[in-house]
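Chain residues, written in single-letter form:
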Amino acid sequence: MTNTSIDRKSPARSEGIILLEEMIRIRSFEEKCAELYTREKIRGFLHLSVGQEAVAAGVTPTLDARDAIVATYREHGHALARGISPRAIMAEMFGKREGCSRGRGGSMHLFDAATRFYGGNAIVGGGLPIAVGLALADRMLHRPQVTACFFGEGAIAEGVFHESLNLAALWRLPVLFCCENNLYAMGTALDRSQSEIDLCRKAASFKVPTRSVDGMDVEAVAEAARETVALVREGGGPHFLECRTYRFRAHSMFDPELYRTKTEVETWKRRDPIALQSARLRDRGEIDDALVGELGREIAAEIEDAVAFAEAGSWEPVEELTRFVYAEGS
Amino acid sequence: MTFGTATAIGTRRTTYRGAIREALREALARDDRVFLMGEDVGRYGGCFAVSQGLLEEFGPERVRDTPLSESAFVGAGIGAALGGMRPIVEIMTVNFSLLALDQIVNNAATLCHMSGGQFPVPLVIRMTTGAGRQLAAQHSHSLEGWYAHVPGLKILTPGTLEDARGMLWPALEDPDPVLIFEHGGLYGMEGELALDTGAVSIDRAAIRRPGEDVTLIAFGGMLGPALTAAERLESDGIGAEVVDLRRLRPLDETTILDSVQRTRRAVVIDEGWRSGGISAEILSRIVEGAFYDLDAPPRRVCSAEVPMPYARHLEQAALPQVEGIVSATRDLMARHG
Chain A
1 MTNTSIDRKS PARSEGIILL EEMIRIRSFE EKCAELYTRE KIRGFLHLSV GQEAVAAGVT
61 PTLDARDAIV ATYREHGHAL ARGISPRAIM AEMFGKREGC SRGRGGSMHL FDAATRFYGG
121 NAIVGGGLPI AVGLALADRM LHRPQVTACF FGEGAIAEGV FHESLNLAAL WRLPVLFCCE
181 NNLYAMGTAL DRSQSEIDLC RKAASFKVPT RSVDGMDVEA VAEAARETVA LVREGGGPHF
241 LECRTYRFRA HSMFDPELYR TKTEVETWKR RDPIALQSAR LRDRGEIDDA LVGELGREIA
301 AEIEDAVAFA EAGSWEPVEE LTRFVYAEGS
Chain B
331 MTFGTATAIG TRRTTYRGAI REALREALAR DDRVFLMGED VGRYGGCFAV SQGLLEEFGP
391 ERVRDTPLSE SAFVGAGIGA ALGGMRPIVE IMTVNFSLLA LDQIVNNAAT LCHMSGGQFP
451 VPLVIRMTTG AGRQLAAQHS HSLEGWYAHV PGLKILTPGT LEDARGMLWP ALEDPDPVLI
511 FEHGGLYGME GELALDTGAV SIDRAAIRRP GEDVTLIAFG GMLGPALTAA ERLESDGIGA
571 EVVDLRRLRP LDETTILDSV QRTRRAVVID EGWRSGGISA EILSRIVEGA FYDLDAPPRR
631 VCSAEVPMPY ARHLEQAALP QVEGIVSATR DLMARHG
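Chain order of the listed sequences is A and B.
With the working numbering, letter number 176 in the first sequence gets 176, and the count goes up by one each step, no holes.
Take the position in the second sequence, starting the count at 1, then add 330; the result is the number in the working numbering.
Hint data in this document are derived by calculation from the structure and do not stem from the laboratory.
Note that beta-carbon positions come from the ideal geometry of N, C-alpha and C, so glycine has one too.
Fair warning: there could be bad hints in the mix.
[Said to hold, decoys possible] Label-pair distances were calculated between CB atoms; the ranges are:
hint, chain 1, residue 1, chain 2, residue 2, range
1, A, Ala114, B, Asp361, 56 to 66 Å
2, B, Asp533, A, Gly187, 32 to 42 Å
3, B, Gly606, A, Ala301, 38 to 48 Å
4, B, Gln646, A, Trp315, 22 to 32 Å
5, B, Ala466, A, Ser212, 44 to 54 Å
6, A, Ser212, B, Asp533, 20 to 30 Å
7, A, Trp315, B, Ala664, 27 to 37 Å
8, B, Gly389, A, Glu223, 47 to 57 Å
9, B, Glu583, A, Gly159, 35 to 45 Å
10, B, Arg534, A, Glu320, 23 to 33 Å
11, A, Ala300, B, Arg615, 17 to 27 Å
12, B, Arg343, A, Ala65, 27 to 37 Å
13, B, Gly528, A, Ala114, 35 to 45 Å
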């Protein structure tokens with residue numbers, strides 16, 4: 001099983017182009033997933049991050065290979081940006097044995113030991129204390145590593161968010177708490193569920209340093225993440241990075257979107273992170289139509305290859321149903 | 331690995347509490363990856379004084395006091411285990427473990443399977459369980475049977491000094507999450523323990539008392555009453571075999587069925603509630619595996635189905651008692667298949 005792909009980032013391309021490329025990869029991958037969902041190749045819950053790509057694409061590359069990631073059930077982008085191969089991810093979506101979780105996790109539970117990708121957690125806030133523990137292990141074993149923990153603003157309503165930030169701050173653990181504030185916890189708007197909607201103030205109450213960034217601007221996200229990760233790695237304790245973003249598509253494939261207006265969605269779409277970055281790179285003269293076309297073709301080929309790989313994959317024999325309930329050999 | 335039986339080396343007097351403390355001390359001394367974390371485990375010395383002296387001996391990095399944040403420190407234990415440590419998380423009592431149920435059931439129990447075997451969770455969680463000390467409904471639960479419902483977890487219930495001393499190390503060596511339920515009523519239990527007592531095997535149930543006429547199946551805090559009941563039955567001429575389950579998941583069905591097939595009668599004693607409890611599971615296994623060997627319908631002695639009351643007479647009436655075990659067994663012996 002090859003979960004980790006080779007470094008596909010061409011050295012000739014600038015950082016700005018690489019960020020754009022990653023966002024296009026994530027969006028194309030997820031648009032393909034939506035199509036495969038309607039064709040019933042992918043089942044279960046499928047949560048797309050379309051509109052939010054700048055967060056995964058901007059934050060993830062600022063981490064080292066030795067660092068750890070804990071993500072949520074909307075984590076295709078983080079998994080791709082981390083370098084888990086699109087083949088292994090797509091095969092997981094199909095439920096195939098070649099998937100990065102051997103078909104036992106699905107869309108919401110992508111895992112990869114090789115890249116220290118600890119899921120894919122489908123309980124809102126459930127991954128936060130795991131990130132605290134990973135960082136605790138790093139501290140106790142004197143490893144200069146960072147754990148990046150992604151979660152939505154919905155997690156802030158969970159008690160475990162407050163418990164985890166307090167514990168990380170109390171013990172000054174190297175955790176980057178990265179909040180993807182897309183304004184909606186499924187269908188519940190932030191201002192309908194929180195008395196204080198300034199999320200940084202909540203984190204600051206635990207003496208956790210905070211920063212808020214435009215989550216639709218991938219370069220701003222990358223810059224903020226790079227600086228924040230450095231502070232965490234230098235022993236500055238946990239940091240809270242809020243990325244203000246927006247989900248363009250429904251919460252999941254079952255969501256009729258009765259809770260927000262089309263106008264609101266259209267307004268945010270004008271700040272599409274891919275369009276913004278493309279325009280910026282054109283202004284800087286870093287890309288032209290030819291390069292954009294080339295990127296699109298490369299990524300499309302990569303995704304077609306992933307789909308073909310998933311299609312050709314095998315089903316875990318039913319005789320192996322109860323494997324991995326406990327560690328093998330135990 | 332040595333197994334806990336009296337040897338020529340001699341014995342010393344200790345308690346259940348002291349035996350667990352010794353096991354903790356040994357684990358901390360033996361493996362740098364081991365650390366103890368929980369509410370009041372350090373400066374206070376443990377709510378039940380189990381970890382007294384360990385902070386002084388091993389320091390605050392390895393004997394970590396936590397805030398009252400069960401979900402976060404259990405989750406942190408999971409993360410630390412994934413990160414290469416061997417955490418021992420102490421939850422003050424099983425009642426408070428409900429505040430960490432999400433982490434235990436949704437994360438610790440699932441990560442290995444959900445990740446296709448990539449992320450086993452070598453975590454040990456210790457907690458106090460049981461009633462009998464007039465602590466009322468929110469401090470008297472016996473929910474180990476509940477936890478035994480969940481695949482991915484392993485459930486240990488030490489009911490003897492040897493197991494209190496010896497179960498921790500194999501639990502730490504286990505690559506999967508192991509929950510150890512220490513009965514609150516047993517911490518003061520005194521007895522002799524061989525000087526060289528160390529780790530015990532956690533693979534099998536144990537026959538604590540042989541007998542030919544009936545099998546009494548118990549664990550944890552109910553082992554003592556089951557043994558006392560067996561002595562009383564002896565004077566009636568009834569030979570009761572006492573099986574100590576020791577581990578509720580995976581359940582050692584072989585030992586249970588072997589015994590019941592010999593004695594042809596079974597009584598299960600459980601401090602948990604009867605409905606949907608571990609006693610129901612054990613009875614089902616007996617019926618499924620030894621139906622035609624039974625001379626009479628198997629019986630159960632469980633706690634009354636009430637939240638545990640405070641008043642002593644009510645609490646005692648709610649809990650399984652020796653008299654109840656004896657009379658249920660006598661009643662069973664009077665029946666014929």
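- [ ] Compare the structure with the hints numbered earlier in the document and write down the numbers of the violated ones, lowest to highest.
- [x] 1, 2, 3, 4, 6, 7, 8, 11 and 12
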